[in-house]
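Take a look at the letters that make up each chain.
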Amino acid sequence: MEDGKIIELFWQRSQQAIEETQKKYAPLCKRLSFQILHNAEDAEECVNDTYMALWNTIPEERPGYFKAYICKITRNLSMNRLDYLLAKKRSMDAAVSLEELGDIFSAENDLLERIAAQELAEAVNVFLRTLPKKKRLVFVRRYFFLDSIADIGQLLGMNQNTVKSILSRDGKRLKASLEKKGYPIT
Amino acid sequence: MKEKKFLEAFGQIEDIWIEEAISFKKPVRVYRTVKWAAAFLFLCSVSFSVCFQVSAEFRQWVISLFRIQEVEQVPDADEGKTLEKQDGIRLFAEQKIENLFDVEYLELDNIGIVSEGGDLFSSTIGTYEQSKDAYQYKTIFYKRSGKTFEEVPSEAGEATVSLGGITAAVPCDWCNYEGRCYASGSATLQVEREGKQDEVKLYIKGSDRPNILSVTMYMNPEVSNWTWNYSAKYDLETGQMIDELADIQVKGRPIYEYPVLYDWIEAGNGRYYVTLGEAEGAADFYELNAETGEARLVREMTGLKELIDVKDCRELDFADGYLFLKCMKSQNTYDLYRYQVETGDCQQIYESVKKYAAADSKETKNGQGEDASIQIRELDQADGRYDLAAKGEKVYLVNKMTSTWKEIEGMGVEALSWTALPTTGSEPVSMLVLYNGFGNDREETEMGMIDLQEDVFYLWKRKRNPDFEEAGAWCQGSQIFLDAHVKGRGSQYLYIYTRKK
Chain A
1 MEDGKIIELF WQRSQQAIEE TQKKYAPLCK RLSFQILHNA EDAEECVNDT
51 YMALWNTIPE ERPGYFKAYI CKITRNLSMN RLDYLLAKKR SMDAAVSLEE
101 LGDIFSAEND LLERIAAQEL AEAVNVFLRT LPKKKRLVFV RRYFFLDSIA
151 DIGQLLGMNQ NTVKSILSRD GKRLKASLEK KGYPIT
Chain B
1001 MKEKKFLEAF GQIEDIWIEE AISFKKPVRV YRTVKWAAAF LFLCSVSFSV
1051 CFQVSAEFRQ WVISLFRIQE VEQVPDADEG KTLEKQDGIR LFAEQKIENL
1101 FDVEYLELDN IGIVSEGGDL FSSTIGTYEQ SKDAYQYKTI FYKRSGKTFE
1151 EVPSEAGEAT VSLGGITAAV PCDWCNYEGR CYASGSATLQ VEREGKQDEV
1201 KLYIKGSDRP NILSVTMYMN PEVSNWTWNY SAKYDLETGQ MIDELADIQV
1251 KGRPIYEYPV LYDWIEAGNG RYYVTLGEAE GAADFYELNA ETGEARLVRE
1301 MTGLKELIDV KDCRELDFAD GYLFLKCMKS QNTYDLYRYQ VETGDCQQIY
1351 ESVKKYAAAD SKETKNGQGE DASIQIRELD QADGRYDLAA KGEKVYLVNK
1401 MTSTWKEIEG MGVEALSWTA LPTTGSEPVS MLVLYNGFGN DREETEMGMI
1451 DLQEDVFYLW KRKRNPDFEE AGAWCQGSQI FLDAHVKGRG SQYLYIYTRK
1501 K
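Residue numbers (the working numbering), protein chains in the order written: chain A, 1 to 186; chain B, 1001 to 1501.
Hints were generated in silico from the structure; no laboratory data involved. Keep in mind the model is a prediction, meaning the values are calculated, not measured. Heads up, the beta-carbon is just placed ideally off N, CA and C, and yes, glycines get one too. Treat the hints with care, as some may be off.
[Stated by the list, open to error] Okay, the calculated bits of chain B under chain A, using three or more residues with CB under 8 Å as the criterion:
hint, stretch
1, 1005-1017
2, 1115-1122
3, 1416-1423
4, 1469-1482
[Said to hold, decoys possible] Residues from chain B shown here face chain A by an in silico Cβ test under 8 Å; the list is partial:
hint, residue
5, F1024
6, Y1137
7, P1221
8, T1227
9, D1263
10, G1437
11, R1489
Pulled out of the complex, with its shape left as it was, chain B reads as follows (with noise of 0.2 Å):
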């Protein structure tokens, strides 16, 4: 993959770049009254400090002023704007974020905290052992309770896995949380077979059932560049591996006999699809179903001959799901088909668009001599079901699932390069959220946010508190989760942007 080994290379280069990035600030004019501004204030922060010294009211009040103070505006010509009804996607200015969401800043105490879906959260914590002299991580679960944290009892051990003929005993952390395990752990191992030493890496991860965990092992990923790996299940009850793909062949030999074997997707009902071959540059993708013990090649399931990806849209229920299958046409223009898993109907959806490109479109046009009128910006991350399309000036929502397109009033083809938010959990998406800046040191960026179920593209600027440095940012069902840090501090806190019913 061209794309790696060019990052690859970046990732080597002289510190002193690097350091460069980090340093850059835009540069400020410095204008004359700014100067005498500048002597004036000096002169009122010199009366400041004695009266701060001096009196503890004062300093109260002071301290007061520094508390998270983030202001949400739109830009003033979009202000109150009407909404009606109208086919696609409706601009909307909204004054007050306060209006859209219920707003909370959380002090997180410094413990790392991330989502695990619906109320849980997690926080993975090192901690130094003497004796080892080396970092031992332990997993704490949390329930959120107002607007602190309170911990989830959890078990720690380890849980003795057998896959593909390896044994191990692999440490992890879990617990039972409203039907679901939510656990992490891993292993790695030496093992050796057939005379040559192989490495093992185990990973250890929840499902959507209680006491099950989900294990997947990768063989020598370092240098197999991460191409194989296989997965079943552990039952924390009863000690017992469930490997319900363990007697599927391809070909006469078990699939996990094959050196090349990832890109999993399971689809429920007992289908997965997986990428399975000889080599990297041979390997096809299968469809396994555990019920009949059959593996059938997808490329001859649909007869899409220049089948080239296989992907899946994770906020579905698989048991009637659909893949979405894309095809090459040329080094950028491709067709993508939807694929009902039970009834095996496959419907094209795109035919011969382009893949949003960051480079000057008009240069690559010439240069390639391609013209694909429609340019996608696919929102894998974001969800799955949707793509952002640009057709001219105009910029469409695509869902996939019904190849239905919107319009989106007011925004822009520009706005295919902005941050699309990743989403987490199992809840079903019901916004998408832009964001124009993330990260970067100014204190106004945009965000946009589109309501899948009002058909509206909500879009505001954002005050960003300066004192703090963003670190991510996310969505998770109806709420927006940034990772925020007191610059120089060390203290993180969660905002939560709950939208409001």
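Just chain A, with the same shape it has in the complex (with noise of 0.2 Å):
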């Protein structure tokens, strides 16, 4: 069924259009919740969780894109999830493995610190609009649906290094971006 369509039976209040959905979108959801979680219980119930807020958010929001509409609710409540998992401690400390940031946002400056969240979302849409389609791709399939690197490198036909190399010195890009904006590092 055409996302349309499902978007016109949540808004007639039609449990099929949960059942459309799940038809649809249940695999991409589960598999972007378990890149988070690494489980498949709290992927499940992430999904389920995914299904009840598009019946409470749908009648006051007509989505554009729809699948990018679900994807961010599963994103959010993943990490949502994550951060109850990490305090009940349940060996998840590897599931967001970025170390990379490390490199680039390095401990010496809190530039991340000192920007307000709203703003820096706002540096990376504008970041990701400078990028040719290839990187723009790989810093998305990296940081938003938090794929491995050699997963990345298999889908976009690229070794690892080069899927390494645009996620580090773009990177660095996006901090000299953010540092022009008024953020120098300390």
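Can you join these two chains into the complex? Each is in its own frame, and there are hints to help.
Given below as structure tokens:
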């Protein structure tokens, strides 16, 4: 079923909306959640919560990009669930392993701490707009979908070193652009 | 945590970039001959459609072709390599996956089943309640029965729990199965305390004893960033709470009065480890002993001043368990110690190793002036006691319990960035599985399995059925589970690979 029709079903408060969403997007959502949580049970629960969130939000919103809208909800719920799992300590430390960020935003400067969350989000969007498509795909797959370097390399037909190099060099460009905006390294 | 802030910012990127990333397909170059072939295929498909319409026998034959057919194969070059006894972990390329695993493909009738441990599975189903205009969730438990799943009798009800002065009825589903209690339930409440409104979340899970639920309370989780939680047990038969930490105090205050209380490790014999303090930056690691009522600072017990993390190892019997204590030396390098809970013995495992980073290592070395010669990829979600270590071009499997290093033949440094499948359940881990290309639409991916008993690294190429989307994969004991969905149809399959003995 087309996304427009599914959204229409949500507007009509038809239970079929959930069934059709599940049919079409369960694997995408589950995989995204699993990439964050590394646990099938938690991922399944987050996907169930996604349907509930859609049920509650769509009457007020009519998403332009339904697929992206669902992904954002699933990702958000999964990140929240990760906080809960980390607090409970279930050996999830390596769940989101993004050590390369340590090299870009090093501990010697507190750039990310000083910048407001909304401003950082806007800066990331501006940065993504400036990137050629392939580099943008690398960044989105890595930091939105949390794919591994190896998986990104496979998907985009690049070797791992190229993926690493894009993340490292262009990540530093993002840092430089933030510094230009008035967040110099202290 | 800077990673978290960065990831949250990425969660707000424009929808168009997300759609672009989902829709991306690697372009396939089309040659002239391919175009002719396409024209020929078109003609064939027209003839095929006619036959399909008119002949029932032909239709049946066609349908039989579309059953799940997975091919798992190894690279030709490695085929038939002899197994010779040698130190380290030997590479072995198995021609047929069936020689390593019994492979089953179970159709799940779309019930979203996940494994709970042993042969128990559960599925949480949302049912719409017209009167509340909301979804209510119910967990159903199943056990495997041949190629199907049979429902395990369970109970649904409310557990009236009391923790930290708050009493609430939490709806939950539970069952006792093979000496354990499996349960699922949650509730969110708004509570007025000392003139202000607090949000309280209560979660119920099972435990390793029948009729005993584990209850965890989170206070203002969204505001406190989940840095306060407290757990106790609930006896379903007596309706009583069992809170063995209620009387333990730190600096004259009950521990649950501290605003920061999280990162719990239950180490057995009444011992717990927790991060506790007045504020997140000022919190420290404590050992709590329920039998003696004592609380001790881990930093003081061990003499490790630079301690930044205390980790457990899920699969161990904590009656004589160990903890792993990490001390940072510089931005990316650390020392690791093994601490025996019963004896207090503390031994160094690593000295100045570098956490494996996906970034360009040359730039890192030059830019940061760091040159740790050993890189460590932690396999926390896979087991907890093993790490992968890269030294030069060689990769080792490190058993942190015994401090033994075994070189893995045939594993290159690039495998450090492969996906390590998480392990679930309480069975001892007998294998570690790495997957390259998980979830991709590509038909050919790679899988590697380190058999911890045999010290063999099995490597094979996996040809995936393109009609299926794979959503998750995990290990449990000697089995690999793969959750796959038929594209666009919504029906779900569970692939189960059981290691042959």
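Status of each hint after checking the structure:
no., hint, result
1, 1005-1017, "holds (count 13)"
2, 1115-1122, "holds (count 3)"
3, 1416-1423, "holds (count 4)"
4, 1469-1482, "holds (count 6)"
5, F1024, "6 Å, holds"
6, Y1137, "6 Å, holds"
7, P1221, "7 Å, holds"
8, T1227, "6 Å, holds"
9, D1263, "5 Å, holds"
10, G1437, "4 Å, holds"
11, R1489, "7 Å, holds"
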